[in-house]
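> Read off the chains here:
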Amino acid sequence: MPPDDGVVRVLRDDLTLDPENDPGLSDAEVLHLYRHMVMTRLLDERLVALQRQGRIGFHVGSLGEEAAILGAAFAMRKNDFIFPCYREFGAALMRGFELGVFIHNMFGTAKDTVRGRQMPDHYTCRRVGWGSISSPVGTQITQAVGFAWGAKIRKQDVATLVYFGDGATSSSDFHSGMNFAGVFRVPTIFFCRNNGWAISVPVTRQTASRTFAEKAAAYGILGVRVDGNDLFAVVSTVRKALERGIRGQGATLIEAITYRMGGHSTSDDPNRYRGSEVLEPWASRDPIGRVRAYLEKRELWDGAAEERLIAEIDKEFREAVAVAERTPLPPLESMFEDVYERPPWHLLEQRAQLLNGPRAPSPHS
Amino acid sequence: MPPDDGVVRVLRDDLTLDPENDPGLSDAEVLHLYRHMVMTRLLDERLVALQRQGRIGFHVGSLGEEAAILGAAFAMRKNDFIFPCYREFGAALMRGFELGVFIHNMFGTAKDTVRGRQMPDHYTCRRVGWGSISSPVGTQITQAVGFAWGAKIRKQDVATLVYFGDGATSSSDFHSGMNFAGVFRVPTIFFCRNNGWAISVPVTRQTASRTFAEKAAAYGILGVRVDGNDLFAVVSTVRKALERGIRGQGATLIEAITYRMGGHSTSDDPNRYRGSEVLEPWASRDPIGRVRAYLEKRELWDGAAEERLIAEIDKEFREAVAVAERTPLPPLESMFEDVYERPPWHLLEQRAQLLNGPRAPSPHS
Amino acid sequence: MPQMNMVQAINDALRIAMRADDRVVILGEDVGRVGGVFRVTAGLFDEFGDERVIDTPLSENGIVGTAVGMALYGLVPVVEIQFADFIWPAYDQIVNELAKYRYRSGGEYPAKVVIRAPVGGGIRGGHYHSQHPEAPFIHVAGLKVVCPSSAYDAKGLLLSAIADPDPVLFFEPKRVYRAAKGEVPAGAFTVPLESAAVVRPGRHVTVLAYGAMLYEALDAASKAVAHGVEAEVIDLRTLWPVDITTILDSVRRTGRLVVVHEAPRTCGFGAELVSLVVERAFYHLEAPPIRVTGFDTPFPYSLEMEYMPLSHRILPALLEAVRS
Amino acid sequence: MPQMNMVQAINDALRIAMRADDRVVILGEDVGRVGGVFRVTAGLFDEFGDERVIDTPLSENGIVGTAVGMALYGLVPVVEIQFADFIWPAYDQIVNELAKYRYRSGGEYPAKVVIRAPVGGGIRGGHYHSQHPEAPFIHVAGLKVVCPSSAYDAKGLLLSAIADPDPVLFFEPKRVYRAAKGEVPAGAFTVPLESAAVVRPGRHVTVLAYGAMLYEALDAASKAVAHGVEAEVIDLRTLWPVDITTILDSVRRTGRLVVVHEAPRTCGFGAELVSLVVERAFYHLEAPPIRVTGFDTPFPYSLEMEYMPLSHRILPALLEAVRS
Ligand SMILES: Cc1ncc(C[n+]2csc(CCOP(=O)(O)OP(=O)(O)O)c2C)c(N)n1
Ligand SMILES: Cc1ncc(C[n+]2csc(CCOP(=O)(O)OP(=O)(O)O)c2C)c(N)n1
Ligand SMILES: [Mg+2]
Ligand SMILES: [Mg+2]
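Chains as they are written, first to last, in the working numbering: chain A, 1 to 365; chain B, 1 to 365; chain C, 1 to 324; chain D, 1 to 324.
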């Protein structure tokens, strides 16, 4: 367990909210967030199952990190931009990314907006202020800074939030992004999901600093720690950081303390490097369960509502999968588009070679 | 002027030493260091002059930073290794690198131990525990960590000291080197010469942190600040850091506060970006002048001794230059050696092409 | 002789090298307890402990930079980059430092590091788990570049690479990590660097391939027989310095050349191979050399099988080379 | 028409682009008050202020990473890398991010950045102030690569590069920064990308060159006349996508090819040019193409004039191409 000092918490064990940092969410807002957290978890389960059945190639889930992921995105405004890592599809959907389009991405179909060019979970949705997902760890961090800095230069009221893991704090882009944000007072919120692990590498092998938040001081940036399994605390902390950014007080590094309850991705078997007993202290702090208890206590939620919600999501999901599975792969020509704005001669030549040549024996899926 | 809090100082204005951090140097040691600081400054002047006359191609000097540079190296043991930046030839000479060989490097002759392959000031001297100089900023930092870490794995009592500038703290290698040193408790001393500038970029554009030393906390490393123009304080601070490293307490980041009194290198004209008035507060804190005053007060030094010393160095220097100027350039074949341990077929072929082909019209110098 | 796949063969080579020489250490992400995401280092952590099989922070720059330092000290670091696609943050340390150390120090500081990285497509990895980036390393003076195709070669070449005095990039074709299986001697043995292997003799056309594409070239060559074409397939094994003698011997006999690689065509290693042959065997060539390669696009996900230069694209090239 | 050298011409192009479009911003080390170590950005800080001419911390990775972010937002960053030798810490952001952004986002996030960097030797810069690293960028799908040789072209090509929708590496041959002088129109004009120029017509051999080596090729061509050889010299100007039509037109006429570049030979751009020509004009070639390039060693200091493919090494190649 990470050190406990200075961690912002709001939702108390008795299910009341600490007024000091209560973000003042309306019931409707809490319900909205809760539904999306449930949806995120359900989709995670379903997508892992699809992968196990060989129907999709890969999935990287968010089990246990739903409050951190959704709470952070919720606190941002519509005009702000979010630079995702790879584990935050739930937040994209909450911001308005359509489930059907997401599922097309998971199958890499012709209707995938990134045209089946990237692995599952590597979608893009500019319309909802959502960046383009990349696998290399950390690269989105400097970009998030550049984006907000660009807006600042153009005197536009735009902040960015960038998600990344504890492992990413070791990357060069973390260092450069934090440093540039500090020097140029850029309104970027660095949202570090400290989930304990970088695949099999524990945080103690990632840094010798006591906490991740204190890395902020090296860049003249404010660093804060928040209970990442406390939805209310996350919303409140990110909102405050956003307000600072808007007021011209620069960037904030937020360390959200949470835990990766599943494997790193469908390619990973965590039993190889950690016992299941490590999950126990975290299971009792389940970010969704805590909000459900809060809602139930306030009689805003019950088992029937939960069943209805699950049935609804399930239906939507099944339909989306059915559509995606009926959708062909992207056309061959699409391989040569968007490399440049217009394909130069060599790509036209290669496109002709491909189109006029024989087909591969077994395009997978 | 950088903030003044927590800066280790030893040599007081009244020319006594603060006992708290007095390194207890013998008179002979102080004289040894003083002579080498004077030599360093004299060579800087002479080398700049040679460059102005077109006799050498380049020089990067240490004007104003002599105490930081020499004091740090002096505190290290023979068996320790030093990873230089590019501004520390004075320390290399003090460790036993021969002046004559250094001058061969400045002229890139056949007797240059790096065989005229690199620019002036990019020499190497493994024999005295001195690394190979590279131009890219920061790359030596991770290497210094790896070297000491390697020794630690082999249970050898070797520490490393790595020199770099304030600008280098922005590099990826600073981040990675500090981080690895923290996690693996490596006995490396990170010696940051905060000389106010990275060519024309002032420290305020390099970082928003108050001090460079506080960057250490981000890596679980001790950070300390020292008056880089106070020879005694530098020796004492580096010695303590070395002792910590030897005791297994890991790395230390030392911020030596000093000032680049000259241009960045012979290629730079500082008048383009700073007025000469910025030099004034520093001129009165000249690192060599302070030690000379201390020595004179203790009647260990006087004008006659200074004259003798200068004449001596001058003579040695002139002789070395005369030898270097008589020495031919490296032979053509040398271009193909040391790329690999043994030249593969393609280099043998290219070597033959060069040797059998026409000569270039005007090899410079 | 034991049967091994390529993962096991590489694992075996690492174990043998580490037992023989305790200067050999392994650094990388997830190489320790979990034994690597492809399990190439499985069991080594248990045998050699965490000072020789080192899980590092997530920084390729840091891994290679510190490995260079260890090498300067005298260790022989064998670095694992989890996927070659993630090697770029370390490119500066590799090309500006590692490759130039011996040269720039006049021989005082040779820096010997082996960098292992899985390469190539066909595992549904998209842009960032499929790159095959040999060319930008071959271009850099001072590096050696190896890419085995069989379990036997993987073991023998890795043992050579570790013993070699120069830095080596060791690219492992992950598509055949488990499929490339065969008899591999149990103890230490080496396959010399700079030696290509004629894996299928033939007289009509020379095919140069390596890594996973070797099998595609062989498949195409066997299908070409039905068309009356006997292709000679050469597995380059070491990409640089390449075994020019074996290549030229073959091309001078066949008069025709097809080069296969997964990386994008433009400025890929195929261009170098074509140029080397054209410069040295111009008057033996009876037809223009043909490159069958990845396209000049980022590596795609859904269409990866259409992107890769598989047998179905090599076969027509063989026939064309012979017919033109 | 005003006389300008290349530094002035580039400076002029930057000023024109910044006046015309306030989305254009400059980032780099020492680009601000001091106007760049080669003074290419001189005066721009005074005119456009420190929000558009930005001195950054010493991190090429940070410069390019944040520039990519600015481009995603909608600005048009023109980055200066102080020497191309120092571009490697940014290589990951360039090849894994900038080059792939439009593609991987299905066109939602085109990222348009121009990266300017002085390249090449002949200024006594040794290993780290002399590199000419076009090949590792040309190999990467999604990038365009430009290298002008004259002041006129530098201005016209830079204005094209800034207006172009795709990311461009703009390599400036620093050896001729001041020597390449000539008449350059005062206002805005463009030289189209992808267009090579036949700068000296000839009928015996085609010489492809660019940047500082263009002048060496021209010098060799003029000396070749005395030997009865008329060389056609083509300045490629845009390296990728290269103007293949102009190249093939010429080679089909001359039947002989010499390619010149400063970078090391192996896997250099010359290999690609040779391959392109051989694939497309094989039956027109009457002699093996010849590459005159830097050697496969790090760039040396004292012997740099012997390392570089100067006129004295090009001339024999021209004669050999014609005689063989
Ligand atoms: C530059 C780079 N190196 C290695 C990898 C392989 N890799 C993918 S995710 C990961 C761990 C990331 O850990 P963390 O940043 O904590 O994020 P988390 O997965 O825990 O959310 C690694 C090593 C990568 N994608 N990019
Ligand atoms: C990676 C890299 N980028 C840019 C340069 C060009 N350059 C050489 S020295 C220097 C400034 C270094 O400043 P600092 O680290 O403070 O050291 P100082 O020169 O002040 O001792 C720059 C930008 C370089 N050598 N390497
Ligand atoms: Mg993590
Ligand atoms: Mg400095």
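Just so you know, these hints were derived from the structure itself, not from any lab.
Keep in mind it's a predicted model, so treat the numbers as computed, not measured.
Note that CB positions come from ideal geometry on N, CA and C, so glycine has one too.
It cannot be assumed that every hint is accurate.
Claimed, not checked - Simulated DEER-style distance windows between Cβ atoms:
1) A:126 to C:279: 38 to 44 Å
2) D:22 to B:362: 28 to 34 Å
3) B:267 to C:22: 43 to 49 Å
4) D:22 to C:50: 28 to 34 Å
5) D:183 to B:362: 25 to 31 Å
Unchecked claim - Covered stretches of chain C (chain D as the covering partner; in silico rule of three or more C-beta atoms under 8 Å from a C-beta of chain D):
6) 96–103
7) 106–112
8) 170–184
9) 256–267
10) 284–290
11) 310–321
> Next, verify each hint and record whether it holds.
Evaluation of the provided hints:
1. In this structure, residue 126 (chain A) and residue 279 (chain C) break the distance hint of 38 to 44 Å, their C-beta atoms being roughly 49 Å apart.
2. A hinted range of 28 to 34 Å for the beta carbons of residue 22 (chain D) and residue 362 (chain B) is inconsistent with their spacing of about 47 Å.
3. For residue 267 (chain B) and residue 22 (chain C), the hinted distance range of 43 to 49 Å is satisfied, since their beta carbons lie about 46 Å from each other.
4. Between residue 22 (chain D) and residue 50 (chain C) the CB atoms are about 55 Å apart, so this pair departs from the stated range of 28 to 34 Å.
5. A hinted range of 25 to 31 Å for the beta carbons of residue 183 (chain D) and residue 362 (chain B) is consistent with their spacing of about 29 Å.
6. Under a criterion of three residues with beta carbons nearer than 8 Å to beta carbons of chain D, the stated coverage of the region 96–103 of chain C is upheld, 4 such residues being counted.
7. Here's how the region 106–112 of chain C fares: 0 of its residues keep a CB closer than 8 Å to some CB of chain D, so the rule of at least three is not met and the hint is violated.
8. With a threshold of 8 Å between beta carbons, the proposed coverage of the region 170–184 of chain C by chain D is violated, since 0 of its residues qualify and at least three are required.
9. Counting residues of the region 256–267 of chain C whose beta carbon lies closer than 8 Å to any beta carbon of chain D gives 4, which meets the minimum of three for the stated coverage.
10. Interface restraint, the region 284–290 of chain C with chain D: holds (5 residues with C-beta to C-beta distance below 8 Å; minimum three).
11. Taking a C-beta to C-beta cut-off of 8 Å, the region 310–321 of chain C contributes 0 residues in contact with chain D, too few for the three needed, and the coverage statement is violated.
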